[in-house]
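> In order, the protein sequences belong to chains A, B, C and D. Numbers 4 to 203, taken from the numbering used here, label the letters of the first sequence in order. Numbers 4 to 203, taken from the numbering used here, label the letters of the second sequence in order. Numbers 4 to 203, taken from the numbering used here, label the letters of the third sequence in order. Numbers 4 to 203, taken from the numbering used here, label the letters of the fourth sequence in order.
Don't read these hints as lab results, they were simulated from the structure. This structure is a prediction, so every number in the text was calculated from the model and none was measured.
Since the list gives no way to pick out one identical chain from another, each pair is judged satisfied if it fits inside one copy or across any two copies.
Calculated cross-link-like contacts (lysine to aspartate or glutamate; reagent style EDC-like; alpha-carbon spacing at most 16 angstroms): (1) 159 x 173; (2) 159 x 177; (3) 50 x 25; (4) 159 x 144; (5) 159 x 183.
4 protein chains.
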Amino acid sequence: MTESTRRTRGVQRGPRSVQVVESVRVATLAEMARVGFASFTIDGVAKAANVNRTTIYRRWPSRAALLASVVEPLIERYDADPDTGSVHGDLLALTVMIRDNAALPEGRALIEAVTSGTGELRELVRAMTARTLAPFHRALDRAVRRHELDPAADVKVIAYLAFQGVAMWEQAHDRPPTDDDLNRILRTVLPPASGLRGVA
Amino acid sequence: MTESTRRTRGVQRGPRSVQVVESVRVATLAEMARVGFASFTIDGVAKAANVNRTTIYRRWPSRAALLASVVEPLIERYDADPDTGSVHGDLLALTVMIRDNAALPEGRALIEAVTSGTGELRELVRAMTARTLAPFHRALDRAVRRHELDPAADVKVIAYLAFQGVAMWEQAHDRPPTDDDLNRILRTVLPPASGLRGVA
Amino acid sequence: MTESTRRTRGVQRGPRSVQVVESVRVATLAEMARVGFASFTIDGVAKAANVNRTTIYRRWPSRAALLASVVEPLIERYDADPDTGSVHGDLLALTVMIRDNAALPEGRALIEAVTSGTGELRELVRAMTARTLAPFHRALDRAVRRHELDPAADVKVIAYLAFQGVAMWEQAHDRPPTDDDLNRILRTVLPPASGLRGVA
Amino acid sequence: MTESTRRTRGVQRGPRSVQVVESVRVATLAEMARVGFASFTIDGVAKAANVNRTTIYRRWPSRAALLASVVEPLIERYDADPDTGSVHGDLLALTVMIRDNAALPEGRALIEAVTSGTGELRELVRAMTARTLAPFHRALDRAVRRHELDPAADVKVIAYLAFQGVAMWEQAHDRPPTDDDLNRILRTVLPPASGLRGVA
DNA sequence: TTATAATCGAGACGGTACGTCACGTCTTAGT
DNA sequence: ACTAAGACGTGACGTACCGTCTCGATTATAA
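Construct all of the structure, not just a fragment, from the sequences and the given hints.
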């Protein structure tokens, strides 16, 4: 009896909400890929997700929230530190990760958002930036601790420039940075010794 | 597509126009200072300029055009190269100029625009960036020519990082860069020898 | 012990619905008093009743049903005829009753409903009107039977005008009818003889 | 020269606005006739008028305004007094007018509005009622002045009841009042003498 | 006592309409 | 030759209720 009434249980995964959330997530990605974050609309996402507009407003009160929910998985990657044994290697791993993230539609959207200064995103951007910069700081701190880097080195600025340099590369050069480009950046911001040791 | 149907005739010469153009320019500045580029409206400018909205549309077909007309004087400053005798000095002068420009309302607007990725601004931004980067390149080339800088130095990347580092500083640090901050950036991106010589 | 109290509660109250029904009834009254029938919402009632919205929809499929359940006790008063011995007296008693009903929040709601023409209320209103008019007709019939009223008198119209006159008074005059107002209405619609006899 | 440029002038009457206003007026009528005032929507009118919704909002800030603009011509009829020589005749003319107005879609809408008590219409209704009642008062005053009516007659109540009686007739009887119905109303509210004299 | 049948609360959803905002276009008249 | 004034279509905004549905949890009554 009970079995027959709940005939969809085995098929559907989780409640209806999950379906909706997922399809909205996908549609958001699609829309951002299509028109960019700056000019994507809730209406557009709703249509693409085949979901009612009000439903979106119920769960995501703003475009920022929508972006956040789409971008979260990306950011989480930065929580795990690489450990290659050298500053250069660690930073390279991080910059590669940023570049590869930026190649994904959600990554592009994030970059756009970071740089849009809309105000609605202020908080989100702040959090994201902090979270992305953190592993750079940790890697540099490790390098200082293991005497690979002069303690007097300006690690804050190095981290900032490396991060910024990768993140904005495509905006400025109209193409994503190659591995070589990344190395050039790192060689430029890292003190020579460590930089050379890294590539050696 | 849209271009072909546009009725806007562009900026014109004539007695009345000058009045209008100027008051719109001022009002645009005021509006950008008030609400930022991201969310300033033609309506707002029109009201502030005490000019009819249609009049603005006639002369400036887009917000980008409005921005461009307001930002031009700023950019022109970059056309004249500083000549302090050292790379460090030259680059410092340029970064100071960028910082000081960014302190003006139109400068903020420009930064916002540069980083907004709206698409309507793509072209403008490309031009601006090129124009702002150019003096960096020229300064570095001069340094190479006078053997102050190793010819093998990655001048493109140095220029790019220095520029980007200053331009985005406030976005990332919530305060404009001090002179010391600028020096830290330059010390980080410039090869040690030249860097030291610069401050010496 | 617990068993016996449980049983008692069950016997006393029947299904727990009774609780809900009552609190919804009260809340409906409160809401109608607060915002009027025209713009009261199921949401509002649900909140005020501290009951889930779906619960209301389960029992009352429409606002009309909600209104009906609240208004019923009011209407029941009209089922008992007054017997003052004179037409004027009887009609006065009826009009007083209408006026007093209209002073209650549910009465106001009823009036509003009667006159809203929403369509969803068409049937309800028809029934209510008939039921309210009936005692007028009965009173006039009695008067004819006891020769107080000329059989040629247009009792239908008299009943209709008296009823309508009281019911709409406040709409037109912005204040409820005083006893004197009611008498004026009756004196106007009743043939002189009976009218005079009534007040004598 | 001028002729060729203004080639549409002869055809279109007035500016575009006039066209819009008129088509909205017509569409409003149609919508009110279709669904009643209580549940007609701006969207519906906009679609029916083939005009954008915002355009409607620009001119008519509320449904009340829309109603008013549609109902005005109707009301104006009440500004001219009939002059038949007798109270009964005058009042009959007025009630006939009301009935005939109520037969039109805009008249129905008005009745609905008058009785909807939405609050948004409060003011409109007050004005309309006053304007419709006024000719009744004037007719009765004239009757008193020419000694056709006892000065002690309760003219206020007579006017009110006659008006109300006609206006609400259809609501209560499900059919418009015939001429005979109107006469019955008048005979009931007018003092016998004058009433008889009127028809004699 | 223990099922079974009624409710109820909670939460989500699709949907319609609201009223507002800014956009960019157009026309007419005025200076 | 320009500008002012004003209207319009368009698209999106974010909100409010509507009515419906499904899912446990709770309770009442009957086996």
